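These protein sequences, in sequence, are chains R and U.
In terms of my numbering, the first sequence has 290 at position 290, counting the first letter as 1, and numbering is strictly consecutive.
One gets my numbering by counting positions in the second sequence from 1 and adding 1000 to each.
Worth double-checking, as some hints may not be accurate.
[Claimed, not checked] Straight-line Cα separation of at most 20 Å, PhoX-like style, residue types lysine-lysine; simulated pairs:
#  : chain 1 : residue 1 : chain 2 : residue 2
1  : R       : Lys220    : R       : Lys240
2  : R       : Lys220    : R       : Lys210
3  : U       : Lys1080   : U       : Lys1043
4  : U       : Lys1073   : R       : Lys240
5  : R       : Lys222    : R       : Lys210
6  : U       : Lys1043   : U       : Lys1073
7  : U       : Lys1037   : R       : Lys222
8  : R       : Lys239    : U       : Lys1080
9  : R       : Lys328    : R       : Lys315
10 : R       : Lys210    : R       : Lys24
11 : R       : Lys24     : R       : Lys10
12 : R       : Lys239    : U       : Lys1039
By construction, these hints were calculated from the structure, which means they are not laboratory data.
Since we're looking at a predicted model, the values are computed, not measured.
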Amino acid sequence: MSPLTETEMKRYSRQIVYPEIGLKGQEKLSRSWVAVLGIGGLGSIASLYLALAGVNLRLIDRDIVELNNLQRQILYREEDIGKPKATAAKENLQKWNSSIQIESFVEDFNPDNAEELIVGVDLVVDGTDNFEARYLLNDVCVKHGIPFMYSAAIGTRGMMSFIVPGETPCLTCLFTSPPRPGSLETCETAGVIGPSPGVMGVIEAAEAIKYLAGFGENLKNKLLIIDLTDNSFEVVRVKKNPGCNTCADRNFAFLSKKERTRYVVALCGRASYQVRPKKKLNLNLTELSHKLSRIPEIRVVRVSDEVAIMTYDGKEVTLFRSGRIILKGARDEKEAVSIASRFFTY
Amino acid sequence: MPVTVRFYLGIREVTGVKEITLDPEPRSVRELLLRLKEKFGEKFSELVLTPDSSNVRDNVVLMVNGHSIRLLKGLDTPLKSGDIVTSDVVEITETIGGG
Ligand SMILES: [Zn+2]
């Protein structure tokens, strides 16, 4: 007897009929867990196709849905603006497929929680928009032997590689170290058309389905480079570096304690700063915003269990239940911390 | 043996071609980049090299036979001059970070 229900057999019939998947492959897909780190343009579409295929998902994102996301992040609709992305994505995906399990984490991905958030899944899909997070993911995945995809998109272009620790080059083998913040263009500064992350997200989903069901060839030891302006899809062979600091020497610099002192980070390209408390909190946001609304400079825009959006002296402040704050329009780290400390002690 | 050099994304915008062959093969990446500068002009160097010309830019990956030169000997990475069995492939691309 197959562990699949009759409804599931019907739902997935078209991919069960596909000879390379079959019943066995579907059972594998339905048993699998994939973490999607960052549910923006890439993560939206990758997680949608994976949910439709019957894969269980762990969704991780630190941001809330904003109007300028809707041009390409297909999981969100107008009514989701102001909701944490991980929450809105889970709600919407569950409407597409109620038979899969979805876990959502409205959290910043940092050295303190990275292992906890990733360990236990079969595969990780890269939906991040920065190399800091990717290098941290690289550390976690190499340390624990979890395969993951590096994928990125901007403008009309995209890049991807399927990384299997021990078998393929890791991110350090490919790019050495994260490019200095500001040396890379971001979607905010260079722009992006929806189909670029769309194509890359679709390929990520296809890579994941092939890997989990066990057929075909993955983008291992290869770097895919695409440009939609002239429809060029090219594959560059890449090799593991025998002297790699991360995958050969197993030196996990991004997971190391040194990094743990960074409680304030600039969110690249967004003129925003994130401040997080030294210890994770569990705030009652309704109560807190009620109290805060008595402070004259603070205006409460909207409140839910998970997130409170306020303005302070004209700057937008997004406060999460865990105590994390995102400040839009702060001049520098110092100002960000000083504003954050008005809300509670960090 | 000649060396094959392939260009991708923003680098290709400046070179206007996807690939060229340099014969005779330059002895190092530094020499290769000088030859490419002669061919494609100052703009090519500006895009690929740091202002002090000591390394490739942070957002550029230059690979010799699949290995980033940052993990080899940087601009001093040798190319196998005189090797008649295999020819080197050099690939130059920008890095992409968005998502
Ligand atoms: Zn490595």
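The hints, checked one at a time:
no., hint, verdict
1, R:Lys220 to R:Lys240, "11 Å, holds"
2, R:Lys220 to R:Lys210, "12 Å, holds"
3, U:Lys1080 to U:Lys1043, "27 Å, violated"
4, U:Lys1073 to R:Lys240, "16 Å, holds"
5, R:Lys222 to R:Lys210, "16 Å, holds"
6, U:Lys1043 to U:Lys1073, "24 Å, violated"
7, U:Lys1037 to R:Lys222, "28 Å, violated"
8, R:Lys239 to U:Lys1080, "18 Å, holds"
9, R:Lys328 to R:Lys315, "6 Å, holds"
10, R:Lys210 to R:Lys24, "13 Å, holds"
11, R:Lys24 to R:Lys10, "15 Å, holds"
12, R:Lys239 to U:Lys1039, "29 Å, violated"
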